[in-house]
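K.L.:
Sequence:
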Amino acid sequence: MTWTAPPPPPFGGSLVAGERELLEGFLDWQRAILVGKCTGLTGAELARAAVPPSTMSLLGLVRHLTDVELEWFHGRFHGREVRYHYKRPGAKDAAFDEIDPDHAERDYRRLLDQWASSRAAVAGNAIDDAFEDELRGPMSLRAVYLHLIQEYARHNGHADLLRQRIDGETG
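By the working numbering, the letter at position 156 of the sequence shown is numbered 156, and the numbering carries on one by one without gaps.
No lab work stands behind these hints, which were simulated from the structure alone. Heads up, a few of these hints could be off.
Said to hold, decoys possible - Quick list of in silico lysine to any residue cross-link-like pairs, SDA-like style, CA-CA up to 25 Å:
no. : residue 1 : residue 2
1   : K87       : L34
2   : K92       : V82
3   : K87       : L146
4   : K87       : V16
5   : K92       : G75
6   : K92       : H158
7   : K92       : S117
What the hints assert, rightly or not - Pairwise CB distance ranges, derived in the manner of DEER restraints:
no. : residue 1 : residue 2 : range
8   : E81       : P138      : 19 to 27 Å
9   : G40       : D129      : 35 to 43 Å
10  : D129      : T4        : 38 to 46 Å
11  : A153      : R83       : 22 to 30 Å
12  : K92       : T4        : 39 to 47 Å
Backbone N, C-alpha and C define an ideal beta-carbon position, used for all residues, glycine too.
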């Protein structure tokens, strides 16, 4: 049986909650939108670079955002040395360029596991806890959430176009 991407995990939350809960909820919403664009597609469809000459694909976005989550919540915020799943020196676009459709289910699951790991990494931190980013200077956890919401939203626009080119699905 051929694997197809499942529907996104449930998400929700209050739109009148405190700031932390709102930021977490909006990030979860953006996460769900991305995997929602993958729903029902096979590994081969997810791996299709549907907007040439770009090598971007839905599976590439899944892989890229797995490393983005790892980098921001573990590497930058906590200053931990991280071992990326896809990114490596000399191959900045490996998440897009080195796709194997036969590993789509693993890559998809890895993103969902990374979401759980990201949540756990900052569960005990306050929204105002900060770190020193070498490019931007001092940054709070609040800024990390906002950055990730922006990152997903930008890529969700790409995902809309990719999905429409693959099978005509819109919305």
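K.L.:
Hints first: check each against the structure and report whether it holds.
P.N.:
Hint check results:
Using a Cα cut-off of 25 Å, the hinted pair K87 and L34 holds, with the two alpha carbons roughly 20 Å apart. With a CA separation close to 16 Å, the supplied pair K92 and V82 stays within the 25 Å bound. Of the supplied pair hints, the one linking K87 and L146 holds, its CA atoms being roughly 22 Å apart against a limit of 25 Å. With a C-alpha separation of about 37 Å, the suggested pair K87 and V16 falls outside the 25 Å cut-off, and the hint is violated.
A threshold of 25 Å between alpha carbons decides the hint, and for K92 with G75 the separation of about 17 Å falls inside it, so the pair holds. With a CA separation close to 18 Å, the supplied pair K92 and H158 stays within the 25 Å bound. Between K92 and S117, the direct Cα distance comes to roughly 23 Å. Compliance with the 25 Å bound is thereby established for this hinted pair. Against the hinted window of 19 to 27 Å, the Cβ-Cβ separation of E81 and P138 comes to about 21 Å, which satisfies the hint.
Take G40 and D129: their Cβ atoms lie about 39 Å apart, and the range 35 to 43 Å holds. Take D129 and T4: their Cβ atoms lie about 40 Å apart, and the range 38 to 46 Å holds. Take A153 and R83: their Cβ atoms lie about 27 Å apart, and the range 22 to 30 Å holds. At roughly 30 Å, the beta carbons of K92 and T4 sit outside the given window of 39 to 47 Å.
Checked against the numbered hints given earlier, this structure breaks hints 4 and 12; the rest are met.
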